[in-house]
Amino acid sequence: MKEIMAFKKRVHRTNIFLSFLSLFLIYTVFVFCHGFSQAYAQENRSVITIEESIAIALKQSAAVDSAKQEVRAAIAAKKEAYTGFLPKFSTSYGYTRLNDEPSFTFSGVPPLIPPSTMATGTEDNYTWAFEVRQPVFAGGAILENYRASEISEEATKIEERVRGLDVVKEGKVAYLNVIKARRTLDVARQSLKQLEAHRATAQGFYDVHMIPQNDLLRA
72 MKEIMAFKKR VHRTNIFLSF LSLFLIYTVF VFCHGFSQAY AQENRSVITI
122 EESIAIALKQ SAAVDSAKQE VRAAIAAKKE AYTGFLPKFS TSYGYTRLND
172 EPSFTFSGVP PLIPPSTMAT GTEDNYTWAF EVRQPVFAGG AILENYRASE
222 ISEEATKIEE RVRGLDVVKE GKVAYLNVIK ARRTLDVARQ SLKQLEAHRA
272 TAQGFYDVHM IPQNDLLRA
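Numbering (my numbering), first residue to last: 72 to 290.
These aren't lab readings, by the way, just hints derived from the structure by calculation.
Worth double-checking, as some hints may not be accurate.
[To be verified] When the alpha-carbon atoms are kept at most 25 Å apart in a straight line, the in silico DSS-like pairs for lysine-lysine are as follows:
(1) K240 <-> K149
(2) K264 <-> K139
(3) K251 <-> K240
(4) K243 <-> K150
(5) K228 <-> K240
(6) K149 <-> K159
(7) K264 <-> K251
(8) K243 <-> K130
(9) K139 <-> K149
(10) K251 <-> K139
(11) K130 <-> K264
(12) K240 <-> K139
(13) K150 <-> K139
(14) K243 <-> K228
(15) K228 <-> K159
[Unchecked claim] Ranges between beta-carbon positions, derived for each pair:
(16) A212 <-> E123: 44 to 52 Å
(17) R232 <-> G211: 26 to 34 Å
(18) Q205 <-> S163: 13 to 21 Å
(19) A259 <-> R232: 57 to 65 Å
(20) A126 <-> Y277: 51 to 59 Å
Heads up, the beta-carbon is just placed ideally off N, CA and C, and yes, glycines get one too.
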């Protein structure tokens, strides 16, 4: 009786191991290969290649996306720094309305020249100005600012490549871990099937009195 209980415990432990292994496999897929199940559902395929898994990881990586945003910002800063070499154009427009038309009164020289009033302006006054500024010498500040923006752009591009390589490495490791976990699960399932088949065979022999009960319990 004790041997029967020991056999049941052995099978029970094997089932528990398979359950934990299945949970580990699901957790690994979810954490390291997030998005694989969605890609599988969309494309209706049972197998995803390592190249596809890496592409998904790069697309959904927050680190890579952040690096791309930094590259865009550095490119924009470089373009802004380049404008320091270019002339600056500005224009302005104004309008002034006077209550009375401006005038000048001449008292004259009686009786030869009579007094008179002359208009010196209009009630409606418009102004428009156009200005061009071109830096001639700034002590090298404009050039150094542009060179600094170039270095910043190159640094952000290098950082983007580094983050991408990190994601690729993590994706490959995760993919291989999933394969290893699946193979371990397959081996465990096969072992359980062999144990169950061996047990069924021994039970059949015992039922026809070909083996004693002790051999059945050892099986």
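Exercise. Under the criterion that the straight-line Cα-Cα distance not exceed 25 Å, is the pair K243, K150 satisfied?
Worked result: violated (37 Å)
For this session: May I ask you to test the hint 57 to 65 Å on the CB atoms belonging to A259 and R232?
Result: violated (41 Å)
Exercise. Within 25 Å, alpha carbon to alpha carbon, are K228 and K240?
Worked result: The given pair, whose Cα atoms are some 18 Å apart, holds under the 25 Å limit.
Exercise. Taking the beta carbons of A212 and E123, is their distance inside 44 to 52 Å?
Worked result: Cβ of A212 to Cβ of E123: about 50 Å, so the range 44 to 52 Å holds.
For this session: Could you say whether the range 13 to 21 Å given as a hint is met by the Cβ separation of Q205 and S163?
Result: holds (19 Å)
For this session: Verify the proposed pairing of K240 with K139, using a straight-line Cα cut of 25 Å.
Result: holds (19 Å)
Exercise. If you draw a straight line from the CA of K150 to the CA of K139, is it 25 Å or shorter?
Worked result: Within the cut-off at roughly 17 Å; holds.
For this session: Below or equal to 25 Å on CA atoms is what counts here, so check K264 against K251.
Result: OK: K264 and K251 at ~20 Å, within 25 Å.
Exercise. Taking 25 Å as the top limit, are the C-alpha atoms of K228 and K159 close enough?
Worked result: violated (30 Å)
Exercise. Keeping to a limit of 25 Å between CA atoms, is the pair of K264 and K139 held or broken?
Worked result: violated (51 Å)
For this session: Below or equal to 25 Å on CA atoms is what counts here, so check K240 against K149.
Result: violated (31 Å)
For this session: Please work out if K130 and K264 have their alpha carbons no farther apart than 25 Å.
Result: Distance ~41 Å between K130 and K264 Cα, so the pair is violated.
Hint violations for this structure: numbers 1, 2, 4, 10, 11, 15 and 19, all remaining hints satisfied.
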